[in-house]
Amino acid sequence: DAGVIQSPRHEVTEMGQEVTLRCKPISGHNSLFWYRQTMMRGLELLIYFNNNVPIDDSGMPEDRFSAKMPNASFSTLKIQPSEPRDSAVYFCASSSGQLSYNEQFFGPGTRLTVL
Amino acid sequence: AQRVTQPEKLLSVFKGAPVELKCNYSYSGSPELFWYVQYSRQRLQLLLRHISRESIKGFTADLNKGETSFHLKKPFAQEEDSAMYYCALFSNAGKSTFGDGTTLTVKP
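Chains A and X, in that order, are what the protein sequence lines are. When the first sequence is numbered by this note's numbering, its final residue is 193 and no position is left out of the sequence of numbers. When the second sequence is numbered by this note's numbering, its final residue is 1068 and no position is left out of the sequence of numbers.
Think of the hints as simulated: they come from the structure by calculation, not from any bench. One thing to keep in mind: the hints can contain errors.
Said to hold, decoys possible - Below are the BS3-like pairs computed for lysine-lysine, each with C-alpha atoms no more than 30 Å apart in a straight line:
1. X:1055 / A:102
2. X:1055 / A:156
3. A:146 / X:1055
Unchecked claim - Covered stretches of chain X, going by a simulated chain A footprint (3 or more residues, C-beta under 8 Å):
4. 1004–1016
5. 1050–1062
Unchecked claim - Simulated restraints, written as ranges between beta carbons of each label pair:
6. A:88 / X:967: 28 to 34 Å
7. A:158 / X:989: 32 to 38 Å
8. X:1014 / A:167: 25 to 31 Å
9. A:80 / X:1015: 26 to 32 Å
10. A:133 / X:1068: 41 to 47 Å
Just so it is clear, CB atoms sit at the ideal spot from N, CA and C, and this is done for glycine as well.
Work out the full structure, taking the sequences as your base and the hints as a guide.
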């Protein structure tokens, strides 16, 4: 298994453009998490899904951010319109079984730069 | 609300010296606590979890509910321990909260 797959690995865009980040969780995992990592704020949970259903999106910074999980093997995080302060590394992670007990497996991250 | 505090952003020790990475948490329920590690150019990965009470790579962490702490310790640091360490708390509902991380540098 290749683990959690994220694409693209790097994204450079201009302010105002739409950005879509993609994640493929580990096969058989039923929970998926999106995180944002910055120097100032560390690793922040944005949203997480269980069995494709969003459970908690309280970490999503504002309406410009949206996430979907149309099926068990794919999720997207969209920013529209993007702003320079959105520049960060975005991680996707997946886990199986009971949420609070199980290890999360992280993807390699997408480094987003908004000019 | 749940919160995790790692008071040290940077920690530097010499090889062979003891190391302790501090973690304090705030949570009204019964927490599940973890330490994750990110080595250079590698993915963030689980190091250990309090429920397992295990020692991984010589690291241990004890949950102290009275002091609401989950400090990570190793008696003799090695150069390969240099990495970014995150303390994490998972709620009963599965919500995860990570600390800001501590960058550990072990000098030769």
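For each hint, the structure was consulted:
1. X:1055 / A:102: Distance of about 20 Å is within 30 Å: holds.
2. X:1055 / A:156: The hint holds at about 21 Å.
3. A:146 / X:1055: This hinted pair holds, its Cα atoms lying about 18 Å apart.
4. 1004–1016: Holds, because 5 residues of the segment 1004–1016 of chain X bring their Cβ atoms closer than 8 Å to Cβ atoms of chain A.
5. 1050–1062: Result for this restraint: holds, n = 12.
6. A:88 / X:967: 28 to 34 Å: Holds, at about 32 Å.
7. A:158 / X:989: 32 to 38 Å: 36 Å Cβ-Cβ, so the 32 to 38 Å window holds.
8. X:1014 / A:167: 25 to 31 Å: Because 29 Å falls inside the window, the suggested range holds.
9. A:80 / X:1015: 26 to 32 Å: The hinted range 26 to 32 Å holds for residue 80 (chain A) and residue 1015 (chain X), with Cβ atoms some 29 Å apart.
10. A:133 / X:1068: 41 to 47 Å: The hinted range 41 to 47 Å holds for residue 133 (chain A) and residue 1068 (chain X), with Cβ atoms some 46 Å apart.
Every hint, counting from the list given before, is met by this structure.
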